[in-house]
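Chemist: So you can see what is in the structure, the chains are spelled out below.
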Amino acid sequence: MALDLTYLVVGIALLLAAFVKGVTGFGFPLIATPTVALLLDIRTAVTVLILPNLFMDSAQVIRDGLPYEIFRRFKAFMAPTIVGVFLGTLVLVKTPLWILNLCLGVMVLIFVISNLLKLDFTVSPEQEKFLSPLFGFLSGFLNGVTNAAGPGWRSIFTASSWKGVPS
Amino acid sequence: MKSMATIFVTTKLTQVVAISTWNLFNWYTLKLSVLVILFTLVGFYAGIKGQDRIDQKNFNRGLLALLAFVGVILIIRAVTQDA
Numbered sequence: 000m001a002l003d004l005t006y007l008v009v010g011i012a013l014l015l016a017a018f019v020k021g022v023t024g025f026g027f028p029l030i031a032t033p034t035v036a037l038l039l040d041i042r043t044a045v046t047v048l049i050l051p052n053l054f055m056d057s058a059q060v061i062r063d064g065l066p067y068e069i070f071r072r073f074k075a076f077m078a079p080t081i082v083g084v085f086l087g088t089l090v091l092v093k094t095p096l097w098i099l100n101l102c103l104g105v106m107v108l109i110f111v112i113s114n115l116l117k118l119d120f121t122v123s124p125e126q127e128k129f130l131s132p133l134f135g136f137l138s139g140f141l142n143g144v145t146n147a148a149g150p151g152w153r154s155i156f157t158a159s160s161w162k163g164v165p166s
Numbered sequence: 000m001k002s003m004a005t006i007f008v009t010t011k012l013t014q015v016v017a018i019s020t021w022n023l024f025n026w027y028t029l030k031l032s033v034l035v036i037l038f039t040l041v042g043f044y045a046g047i048k049g050q051d052r053i054d055q056k057n058f059n060r061g062l063l064a065l066l067a068f069v070g071v072i073l074i075i076r077a078v079t080q081d082a
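These protein sequence lines map, in sequence, to chains U and H. Here numbering that gives the first Met the number 0 is used: the first sequence runs in plain steps of one and ends on residue 166. Here numbering that gives the first Met the number 0 is used: the second sequence runs in plain steps of one and ends on residue 82.
Bound conformation, chain U alone (with noise of 0.2 Å):
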């Protein structure tokens, strides 16, 4: 792999990406698979940066043994996500990049505003039923074909109905 400006680029990026990561805990694939996008293409992006996610998460996760109490109480969360996903993926397979691209910066900028807005909702433990597999399924999905579902999950996470859950 020849060193161009272009991978000095993506690797800058990343090197913020994975250091807000660290700070916040959040924001890896939100940072860096726009910013990678914007030098390969959006399908490289999803695929190269699955894996060191993965890697940083993981990290948290064993940390301290296997969260089974975690996979209990999210199961009605959990299990669309995983159809979600899927069904991403495929969207991220067969649609053309220029629309992916758009997806993506959409979801950029609708996360932008979100937080200069500070939204917030709350979710009843009736709501949070039929919520869970909705949220779910878009999660997945979302994540599938941009990468980027993680803005939906935090705000999520701090409904009300969420609060509490295992830190």
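The hints are all genuine.
List of simulated lysine-lysine pairs, DSS-like, C-alpha gap at most 27 Å: (1) H/Lys1 <-> U/Lys117; (2) U/Lys128 <-> H/Lys1; (3) H/Lys56 <-> U/Lys117; (4) U/Lys128 <-> U/Lys74.
Label-pair restraints from in silico Cβ distances: (5) H/Asp51 <-> U/Tyr6: 27 to 33 Å; (6) H/Val16 <-> U/Glu68: 21 to 27 Å; (7) H/Gln50 <-> U/Phe129: 33 to 39 Å.
Simulated from the structure, these hints should not be mistaken for lab results. For every residue, glycine included, the Cβ atom is placed at its ideal position computed from N, Cα and C.
Chain U is already provided as a structure; the job is to place chain H on it using the hints.
Modeler: Relative to the frame of chain U, chain H by itself:
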């Protein structure tokens, strides 16, 4: 934080299977992935070590500005790109 990381891991493991199903993993992307892991380890470690010394408010502001810029560029590129 651990709940989110657990869901992230579940999602990423599923994504590895899905991406492999549609043959997006090949030697080129795999090699690039390993290189990226090395880069990210350095950044991740620096982030963990430096998190107490960072002004969170300014940090978030800078981050949002960067993301807004990247988001706009992606949209411009999408609408000006040949289908």
